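Undergrad: Here is how the chains run, residue by residue.
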Amino acid sequence: MIRLENVSRIFAVGDQQVAALRGINLDIAAGDYVSIMGPSGSGKSTLLNLIGLLDRPSSGTYRLDGGDVTDLTDEQQARVRSEKVGFVFQAFHLVPRLTAAMNIELPLILAGIPADERKARVAQLLENYGLADRADHRPDQLSGGQRQRVAIARATSMHPAVLLADEPTGNLDQTTGKEVLNLLEQLAAQHVTLIIVTHDPAIGGRAARQLHMVDGQITDETGRSP
Amino acid sequence: MLLPDLIRLTTSSFLAYRLRSFLTGLGIAIGITAVILLTSIGEGLHQFVLAEFNQFGTNLINIQPGKTQTQGGNVGMFGSVKPLSIEDAQALRRLPHVEYVTPGVQGNAELRANGKTRRTMVSGVGHEMTNIFSMKVQTGSFLPDDEPSQARAQVVLGAKVRQELFADMNPLGSYLRIGGQRFRVIGVMEPKGQVLGFDLDDMVYIPTARAMELFNRVGLIDIHLSYKATTDSKSMVSAIAALLKERHGREDFTIIPQEKALEVLGSVLDVITFAVGALGGISLLVGGVGILTIMTMAVTERTSEIGLLRALGARERQVLILFLGEAMLLSALGGLAGLALGVGIAQALHLLFPAMPVHTPWLFAVVAELSAVSIGLVAGVMPARRAARLDPVEALRTE
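These protein sequences, in sequence, are chains A and B. Its first residue numbered 1, the first sequence is counted upward by one per residue in the working numbering. Its first residue numbered 1, the second sequence is counted upward by one per residue in the working numbering.
It is possible that part of the hints are untrue.
[As the list claims (entries may be wrong)] Short derived list, chain B residues pointing at chain A, Cβ under 8 Å:
| # | residue |
| --- | --- |
| 1 | Leu-2 |
| 2 | Ser-304 |
| 3 | Leu-309 |
| 4 | Ala-311 |
| 5 | Glu-316 |
[Stated by the list, open to error] Here are a few chain B residues that sit away from chain A, every Cβ distance over 10 Å (derived from the structure):
| # | residue |
| --- | --- |
| 6 | Pro-4 |
| 7 | Asp-5 |
| 8 | Gln-55 |
| 9 | Asn-62 |
| 10 | Asn-131 |
| 11 | Gly-179 |
| 12 | Pro-191 |
| 13 | Gly-307 |
| 14 | Leu-312 |
| 15 | Leu-351 |
| 16 | Glu-399 |
Derived by calculation from the structure, the hints in this document are not laboratory data. Quick caveat, the model's predicted, so the values are computed rather than measured. In this text, a Cβ means the ideal position worked out from N, Cα and C, and glycines have one as well.
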């Protein structure tokens with residue numbers, strides 16, 4: 001599903017070159033549940049952005065679903081993101097002036113899916129995530145847990161193969177955090193590849209496969225599937 | 001992305017920042033109002049002036065002595081401009097398709113009657129003058145068809161001259177001294193009012209030959225003629241030119257068909273309309289700067305939203321279109337408001353001051369709205385491109 005070969009990502013900070021990722025080799029199979037843990041600045045978010053095609057490696061190759069996606073144009077990247085990748089963020093990233101339903105609908109709108117099909121899908125998602133009575137509420141009228149549920153519904157609206165979550169529980173209390181995590185794990189159980197970035201071992205530890213990163217390198221891996 | 005969704009998304013941000021959007025749209029609205037109002041007045045003036053000229057009838061041709069469009073050297077002492085004569089006018093009268101002819105001489109002279117004096121315009125005209133300029137005699141009759149050399153000393157008064165010199169008396173049959181010569185009043189014209197500040201009623205009409213004598217002129221100032229609608233001005237002009245060339249031996253005259261004069265006048269008035277429109281355009285430009293400012297702010301404020309859209313699969317182009325759409329929506333709505341306001345004020349002005357000519361052609365309205373939208377487009381391009389080119393990772397990180 002996801003194969004990174006000797007991938008590096010180097011940023012230019014002033015006139016210095018800072019390596020956020022160094023020689024990453026990674027294989028993730030379809031349906032894997034992977035967590036990436038490490039201290040801040042270890043490159044875990046950079047890795048997630050790279051996998052999500054928001055960024056490009058400075059060197060190395062990235063194959064997604066068998067195809068080489070290392071050097072896609074911006075336009076091609078956007079298409080792959082739209083079709084195969086869903087993002088869940090720590091800060092939810094809902095559009096404040098749109099209703100919950102419309103936030104969920106956004107990826108479908110951007111993909112140009114016809115209105116009646118969109119309507120059906122959004123209604124189903126609202127139902128699935130227990131948001132049916134919150135459809136017309138704007139984000140500021142929702143609780144943190146509801147917001148993240150909207151964000152997850154949105155991330156899955158295009159039926160992505162890969163779900164990338166960057167500290168999805170970071171802005172939530174223990175209980176709602178657990179609820180959200182359960183939701184994500186349910187998705188993973190339905191053969192969605194789930195990658196969670198977190199600094200919290202209690203959360204990362206739930207994943208079947210756990211990667212530990214330090215200084216742009218994967219230093220340790222536990223629970224590796226064969 | 002489908003068009004209805006584009007509209008839905010842009011409208012949502014429009015509604016989210018109501019006051020700000022309103023004020024920005026207002027800038028464009030004021031600009032469009034100014035453009036519409038000023039061009040409406042300009043165009044009203046245009047139509048008013050042309051109507052003033054057309055009230056004298058159409059199919060008119062004016063012939064003046066001297067060639068004003070000559071190329072080449074100065075006529076100098078070897079050339080001679082033969083004056084236009086009453087005989088020329090009589091010859092023209094015999095041309096086919098010519099309806100009426102009047103040889104004209106104008107001057108200023110002192111009028112004296114009933115112990116009152118008045119300086120006024122004295123116009124030497126032919127007996128067909130009233131037919132050419134669609135003017136009417138109120139009482140009495142117009143000048144008769146006298147042989148020019150033996151034209152009787154008769155005068156027809158303009159309405160105002162009659163009022164000033166004869167007040168309530170019946171002037172018909174009385175005598176009037178014009179520059180010392182005695183003329184008998186045979187008619188009074190219907191009031192015609194002012195045309196472009198020129199009072200047609202403050203005038204008296206006498207036979208051309210008499211006027212030439214009075215003002216000591218050897219030639220006419222001009223000849224007016226009207227031709228039948230069955231022919232066109234071009235063939236009429238060449239027939240006149242041929243006849244006069246034969247009589248004068250050279251082209252020492254200028255023929256000005258009214259059509260052409262109106263064309264020139266029309267283009268001058270168009271320039272005026274355009275100029276006042278351009279003045280209004282300056283405020284439209286200021287409105288455009290307002291849109292530029294607000295869109296630049298919007299991009300900065302919504303950086304993380306742009307990052308999100310990119311993460312959700314939006315292409316650079318889609319982000320560009322979203323922001324351009326917003327700028328254009330702002331300016332289009334502002335433009336529509338401005339149109340309504342401009343036309344409304346123009347009509348209100350017309351109601352309050354009926355004398356003020358106002359006219360808003362549809363074309364102006366359409367062009368104004370289109371220019372509003374294009375100003376939105378131009379003002380939106382820079383911020384929208386900035387939005388589209390944001391690095392998604394950087395943008396997402398912005399709070």
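Undergrad: So, for every hint listed, does it hold in this structure?
TA: Taking the hints in turn, this is what the structure says about them:
Against a cut-off of 8 Å between C-beta atoms, the interface hint on Leu-2/B holds, since the closest Cβ of chain A lies about 6 Å away. For Ser-304/B, the shortest C-beta to C-beta distance to chain A is roughly 7 Å, which falls under 8 Å, so the interface hint holds. Residue-level restraint check for Leu-309/B holds (minimum Cβ-Cβ distance to chain A is 7 Å; threshold 8 Å). Hint status for Ala-311/B relative to chain A: holds, with the closest Cβ pair at about 5 Å, below 8 Å.
Annotation: interface hint on Glu-316/B holds; nearest CB of chain A at approximately 6 Å, less than 8 Å. Its closest Cβ contact with chain A, about 7 Å, brings Pro-4/B to no more than 10 Å, contrary to its assignment away from the interface. Not every CB of chain A lies more than 10 Å from the CB of Asp-5/B, the least distance being 5 Å, so the non-interface label is violated. Against the 10 Å criterion, Gln-55/B stays outside the reach of chain A, whose nearest CB is about 60 Å from its own CB.
The beta carbon of Asn-62/B sits about 67 Å from the closest Cβ of chain A, which is more than 10 Å, so the claim that it is off the interface holds. The claim that Asn-131/B lies off the interface holds: its Cβ sits roughly 71 Å from the closest Cβ of chain A, which is beyond the 10 Å cut-off. Annotated as non-interface, Gly-179/B keeps its C-beta farther than 10 Å from every C-beta of chain A; the closest such distance is 85 Å. Chain A leaves Pro-191/B outside its interface by the beta-carbon criterion, the shortest separation being 67 Å against a cut-off of 10 Å.
For Gly-307/B, the condition that its CB be more than 10 Å from all CB atoms of chain A is violated, with the nearest at approximately 8 Å. A beta-carbon of chain A comes within 10 Å of the beta-carbon of Leu-312/B; the shortest separation is about 4 Å. The beta carbon of Leu-351/B sits about 42 Å from the closest Cβ of chain A, which is more than 10 Å, so the claim that it is off the interface holds. Distance check on Glu-399/B: its Cβ comes as close as 7 Å (rounded) to a Cβ of chain A, failing to clear the 10 Å threshold; non-interface status is violated.
Consistency with the previously given hints fails for numbers 6, 7, 13, 14 and 16, ordered from lowest to highest.
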